[in-house]
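Asker: Residue-level listing of the chains:
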Amino acid sequence: MKLTHILASAAMALGLATTAVAQDKTKVGFIYVGPVGDGGWTYEHDQARKAVVEHFGDKVETVYQESVPEGADAERAITQMALQGADLIFTTSFGYMDATINVAKKFPDVKFEHATGYKTAENVSVYSARFYEGRAIQGHIAGSMTQSNIIGYIASFPIPEVIRGINSAYIHAKKVNPDVEFKIIWAYTWFDPAKEADAAKVLIEQGADVILQHTDSTAPLAAAQNAGNVIGFGQASDMAEYKPSPRVSSIIDNWAPYYIDRVQALMDGTWETKDTWDGIGPGMVGIGEITDVVPEDVKAEALALKETIANGEYHPFTGPLNKQDGTPWLAEGEVADDGTLLGMNFYVEGLTGEIPQ
Amino acid sequence: MDLSSITPALLLASLMVAATPILLAGIGELVVERAGVLNLGVEGMMITGAICGFAVTIETGSPLMGFVAAAAGGAGLALLFGALTQVALANQVASGLALTLFGLGLSSLLGQDYVGLKPVQTPAFKIPLLSDIPFLGRVLFSHDLMVYFGLGLVAAVWALLKYSRAGLILRAVGENHDAAHALGYKVVRIRILAIMFGGACAGLGGAYISLIRVPQWTEGMTSGAGWIALALVVFASWKPGRVLLGAWLFGGVTVLQLNLQAAGLAIPVEYLSMSPYLITILVLVIMSADKSRAPASLGRIFHASG
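Respectively, the protein sequence lines represent chains A and B.
Counting from 1, one number per residue, gives the positions in the first sequence under UniProt numbering.
Counting from 1, one number per residue, gives the positions in the second sequence under UniProt numbering.
Incorrect hints may appear among the rest.
Pairs of lysine to any residue, SDA-like flavour, derived with a Cα cap of 25 Å [to be verified]:
id: 1; chain 1: B; residue 1: 118; chain 2: A; residue 2: 292
id: 2; chain 1: A; residue 1: 174; chain 2: A; residue 2: 50
id: 3; chain 1: A; residue 1: 50; chain 2: B; residue 2: 6
id: 4; chain 1: A; residue 1: 274; chain 2: A; residue 2: 87
id: 5; chain 1: B; residue 1: 239; chain 2: B; residue 2: 286
id: 6; chain 1: B; residue 1: 118; chain 2: A; residue 2: 277
id: 7; chain 1: B; residue 1: 186; chain 2: B; residue 2: 302
id: 8; chain 1: A; residue 1: 50; chain 2: A; residue 2: 245
id: 9; chain 1: A; residue 1: 243; chain 2: B; residue 2: 124
id: 10; chain 1: A; residue 1: 174; chain 2: B; residue 2: 6
id: 11; chain 1: A; residue 1: 243; chain 2: B; residue 2: 116
id: 12; chain 1: A; residue 1: 175; chain 2: A; residue 2: 300
id: 13; chain 1: A; residue 1: 50; chain 2: A; residue 2: 338
id: 14; chain 1: A; residue 1: 243; chain 2: B; residue 2: 113
id: 15; chain 1: A; residue 1: 323; chain 2: B; residue 2: 115
id: 16; chain 1: A; residue 1: 50; chain 2: B; residue 2: 124
Covered, in the sense of this in silico footprint (three residues per stretch, anywhere, with C-beta under 8 Å from a C-beta of chain A), are these stretches of chain B [claimed, not checked]:
id: 17; stretch: 51-64
id: 18; stretch: 109-118
id: 19; stretch: 146-153
id: 20; stretch: 208-218
id: 21; stretch: 222-230
id: 22; stretch: 267-279
These are computed hints drawn from the structure, not numbers from a lab.
In this text, a Cβ means the ideal position worked out from N, Cα and C, and glycines have one as well.
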């Protein structure tokens, strides 16, 4: 492969190639926040990268860098990727937002796609998935199945996306089980198996029999399994190795169609700044198989809920809803607008504790 | 806030578990440093031990074999460090840092096929009769064997360093390698053995994370535990008892802060998250205000010609 490549270039250099050489491969870069083997968030982004390779074959070349810390170092990593000649760079974590914008200014000819952020530019698109739709279904199952009425939630960082997830899960757990209580631990990490495991154990010790997680490793599920009689959900990825219990269902991120679409747009020259926020309907959020550990009727309700969310009949944030301090937020039948959801920084009524600022 | 949801017995029991990895790695590093060698590669040896132990447990189905392999893996990597610093006389700080980077990379490579697998569970070993004592039974006597092994190791290292001839020789090598050499002790051999012991302990600590505490394999899963163990040794003034205390403090506050969060304590989470580090350092610094000091030859290169 390499040899032929060198020979081809040599041939071109010698002027033997008479036809115009087709434009170079499209080079697509990916910046990951965790290792590709995390079994969750980054794993799914990498699966989508592989899907891009499979779809376009020889026409694309992909590069990726794993475990890039959010913060100043991210800017260096993204810059380096742009310097290496990437035409399109996906930066796949919220914390890369400012770094992406900064690098994009320096490389006007390179296109950037930032996941889960809200800052766009001439050459920066943002995309995210409506994970809160999946959280609603998780909340429903969690609220129906808890015996202790205590649900543990391992949160990562206090950013709108995570807070949305907590609110959505709580609203729907409360709906089926008015006595339900959420215990929330902020782990301040997306990926630290030991810490996630400790957090899960603590929640279980304090009586939680359902663990929801917004961190990326399977460690909380392993902890739930050891404890016995505790259920949890796959996060970002199906985490099927913990089926049928403790993993009773999952939220699966499916980035492949979007990535293929965007690479195609770039090749066609139709790429333009977009703000994509898709949910269960368009297939960006998948709900993993609900296992038989979940009672038949709960499963049916959960699937019905999924259906109504997918076809747009039902919005997980539908009033009447109050904020935590009791002030009214949404009136009867009113649904939350995307702007509020994207900047969500408050708990809904009933949740205890404070959001770290 | 609902502090009643925190069960003291469970809290103390999980403290013992949370402390074990850094305790094992710390006591190993203590021996290395008492022999006058500064090995900053603890993190690398831990993660190598974590994957070696995990892989062997998956392949053989025996956690015991896993821990043996973890110790061997850690010691093997440490041997590399030993060869570099004791034979090739390389700089210990640079070699140690390189060892950490190498260990992290090597473990990712070895671990590629083991992502997402589940190891055989290591059974908890309830000591008969003792584990039935209310409260104390749950706190002290209902753990897996590695917890007891860690405690035993601390006691053994303490006794060995304080009372045995071998301990005296090890300390002599660490305090003044030229004098020890003049007395006819094999400085390089003793140090390499100490380094391998340290590696084996770090490997066990890593395997404790991948086999019992988490239990699964993910890249970079020790996430800094090796550095904490290193710091622990210094703040513990190179005394085994204090390493144990420091490990318990650190593990205890780590678990406690999670408990307080879950119980909804009205202290900002940021303060809770940094509390394990702060409290452990504070307590150990106050304790080390006495005359204790580092082994005199720590980090110095020895050559018989010197």
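Asker: Decide, hint by hint, whether the structure agrees.
Answerer: The hints, checked one at a time:
{"no.": "1", "hint": "B:118 / A:292", "result": "21 Å, holds"}
{"no.": "2", "hint": "A:174 / A:50", "result": "40 Å, violated"}
{"no.": "3", "hint": "A:50 / B:6", "result": "46 Å, violated"}
{"no.": "4", "hint": "A:274 / A:87", "result": "17 Å, holds"}
{"no.": "5", "hint": "B:239 / B:286", "result": "14 Å, holds"}
{"no.": "6", "hint": "B:118 / A:277", "result": "35 Å, violated"}
{"no.": "7", "hint": "B:186 / B:302", "result": "11 Å, holds"}
{"no.": "8", "hint": "A:50 / A:245", "result": "29 Å, violated"}
{"no.": "9", "hint": "A:243 / B:124", "result": "24 Å, holds"}
{"no.": "10", "hint": "A:174 / B:6", "result": "24 Å, holds"}
{"no.": "11", "hint": "A:243 / B:116", "result": "12 Å, holds"}
{"no.": "12", "hint": "A:175 / A:300", "result": "16 Å, holds"}
{"no.": "13", "hint": "A:50 / A:338", "result": "31 Å, violated"}
{"no.": "14", "hint": "A:243 / B:113", "result": "20 Å, holds"}
{"no.": "15", "hint": "A:323 / B:115", "result": "41 Å, violated"}
{"no.": "16", "hint": "A:50 / B:124", "result": "41 Å, violated"}
{"no.": "17", "hint": "51-64", "result": "violated (count 0)"}
{"no.": "18", "hint": "109-118", "result": "holds (count 6)"}
{"no.": "19", "hint": "146-153", "result": "violated (count 0)"}
{"no.": "20", "hint": "208-218", "result": "holds (count 6)"}
{"no.": "21", "hint": "222-230", "result": "holds (count 3)"}
{"no.": "22", "hint": "267-279", "result": "holds (count 4)"}
Of the hints listed earlier, those the structure fails to meet are numbers 2, 3, 6, 8, 13, 15, 16, 17, 19, in rising order.
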